[in-house]
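Chains as they are written, first to last, in my numbering: chain D, 1 to 429; chain G, 1 to 259.
To be clear, the hints were calculated from the coordinates, so they are not data collected in a lab.
Careful: at least some of the hints might be erroneous.
[What the hints assert, rightly or not] The list that follows gives simulated cross-link-like pairs (lysine to aspartate or glutamate, DMTMM-like), each with its CA atoms no further than 20 Å apart:
#: 1; chain 1: D; residue 1: K143; chain 2: G; residue 2: E28
#: 2; chain 1: D; residue 1: K129; chain 2: G; residue 2: E30
#: 3; chain 1: D; residue 1: K129; chain 2: G; residue 2: E39
#: 4; chain 1: G; residue 1: K259; chain 2: D; residue 2: E362
#: 5; chain 1: D; residue 1: K143; chain 2: G; residue 2: E30
#: 6; chain 1: D; residue 1: K25; chain 2: D; residue 2: E382
#: 7; chain 1: G; residue 1: K52; chain 2: D; residue 2: E122
#: 8; chain 1: D; residue 1: K7; chain 2: D; residue 2: E405
#: 9; chain 1: D; residue 1: K129; chain 2: G; residue 2: E248
[Stated by the list, open to error] Label-pair ranges, simulated between beta-carbon atoms:
#: 10; chain 1: G; residue 1: W225; chain 2: D; residue 2: F118; range: 53 to 59 Å
#: 11; chain 1: D; residue 1: A19; chain 2: G; residue 2: H156; range: 52 to 58 Å
#: 12; chain 1: D; residue 1: K260; chain 2: G; residue 2: H156; range: 55 to 61 Å
#: 13; chain 1: D; residue 1: N31; chain 2: G; residue 2: R78; range: 48 to 54 Å
#: 14; chain 1: D; residue 1: K260; chain 2: G; residue 2: G36; range: 50 to 56 Å
All C-beta atoms in this analysis are idealised placements derived from N, C-alpha and C, irrespective of residue type, glycine included.
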Amino acid sequence: MPSKTIKVDYLARVEGEGALYIKIKNRAVVNVQLKIFEPPRFFEAFLRGRSYREAPDITARICGICPVAYQMSAVHAMEHACGVTVDGPLRALRRLLYCGEWIESHTLHVYMLHAPDFLGYESAIHLAKDAPEIVQRGLQLKKTGNEIIALLGGREIHPINVRVGGFYRVPTKQELFPLAERLKWAREAALETVRWVATFPFPDFTQDYEFVALRHPDEYPFNEGRLVSNKGLDIDATMYDEYFVEEQVPYSNALHSVLKGRGAYFMGPLARYNLNFDKLSPVAREAAHTAGLRPECRNPFQSIVVRSVEILYACDEALRLIDAYERPESPAVEVQPRTARGYGCTEAPRGSLYHRYQIDDEGVILDAKIVPPTSQNQKTIENDLYRFVPRYLDLPKDQLTWRCEQAIRNYDPCISCATHFLNLQIERE
Amino acid sequence: MARKRRPKLAVWKFASCDGCQLSLLDCEDELLSIAGQVEVAYFLEASRATVKGPYDLSLVEGSITTPHDAERIQQVRRASKFLVTIGACATAGGIQALRDFQDVKEFLAIVYATPEYIETLTQSTPIAQHVRVDFELRGCPINKRQLIEVISAFLHGRKPNTPPHSVCMECKRRGTVCVMVAHGTPCLGPVTHTGCGAICPAYHRGCYGCFGPKETANTGSLSVWWKHLGVSEADLVRAFRGFNAYAEAFRQESEAHAK
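Work out the full structure: start from the sequences and follow the hints.
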């Protein structure tokens, strides 16, 4: 067989701008490049000199789809630097806000970005012509997530109510009641979503990954926990830089993150699920079981089922949090800046999001480092394609190309995130 | 009567966070109805199917930060009958325009070895600095109600109704007590373009200007009031150097306080 090339100049149904290049020679894949050409925006550079209070609002602008994740990692890192712990109802409200983002972001991906691949549609808008009630269900489910964010955060995209120490204003219990009604519907819709995606055809593609995610002793991880893996990693976020390293590749505007001495790893819903199955609520575990998932799942194409299970969990958890909520006396705890380094790692919809800041005693940021999940998954995505493509070499090229796109979308890559952080240590060839 | 051809809609992305085009997908109640009124011809975040131009309505998100994008926006303009910029990046250069204020020579020398790159990368510029823009929608992010208003106005051949006055007017309409007068909280509301719905003051927080300057913004006067509240020069610079830092009125005011 002569050599052939698969090229996708603009990857669709991903967030941001990337391209794919695969070179095949004598039925072997000799080169895979996930190219990220989204222009860099230098966030770490211009965070220097800003106030520690501004970090949550500025870093939110790295990603319009998961701004809450950036706000959460930023406030945790700053509170860590300042020696402050936010607990009780304020912590619960942060968790509720994160539930909203998981519901919104996951539902967007499941219904609008990924499901069309499995069903052979170009988009959810095309799918809606044949199955309007399904797409409507997805849109209303997504809207429920957005309603949580809009109520707690002020608006869906780039919420304004998050601050270091807590919030500017906290809701009354009465204000949360309408959300609870809506969430009861959403929990049912999420259950139907799990059942729906479980019927999709999944290629048999089980791989031996190193999954990395937060793990917390008492709960499915959002804001806190230790970074663990299925291959022995178990560290505090403060140790992150000792275990993970970023490598430069010439064809991409984003750095590749690897585990030192171990290589590629896998983050996101599938990793969280494998490492925290026992922390899911009973209704989510039951739904996973009925969908044919075992506590261990190593097929990335089934991530759409796992993502749906996490939507269900987030609805269930949001209801629990609203039920237990008592309005705190103060919307925030007091924070005094001091010269220190702070670390924060929280679970963005797409995986662990790491922030590190050095601030001075007036709270001015001297140094910032941000590692988003997509840059951490890049190498694993390429590895998947090396192994996946040889099985489908006889497909017509357009179908093979679509298959490759689908394999990339397993990871819900967020390319705007992955590129923002291109920083000062770049060499050009 | 023969049905008229549906107008072709395209959505383009330059340097940005994706949030403004996501606003279209966030119109959960209206999305399918919009998709019935227009032909979604080019919207990569939503669909891998693309239709060739020319496009009747182009929504442009993001700022221009690379030579390649400076070329691409020219192509987008040529392929578009009506071009609308959505959001602070496309309209004012966005948060990434903060690089425009730095002495970037030193760090660009470390970052980029290719000189022809440097010139463009030192600046993040709004779309209107490169091509003719038919309408600008403000906000970081845009307000999805305003986005629907723009699309709807386009479909009906009328001017979009997006008032240019300050956030203060919106607070009064909402019945929000003025956070600056009542609580002494510094607020950019008096100089900021309305459109967000005056969210921050309703959450007991001062406006941080994410919709950029209103028409005839008296930023100098507001800075005097902020200083009465004890705000430092450094914090004034930071306040005006936010998500619309390179918008004329905010840029001038921050430069007046920068050392």
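Go through the numbered hints given earlier and state which of them the structure violates, listing their numbers in rising order.
9, 11, 13
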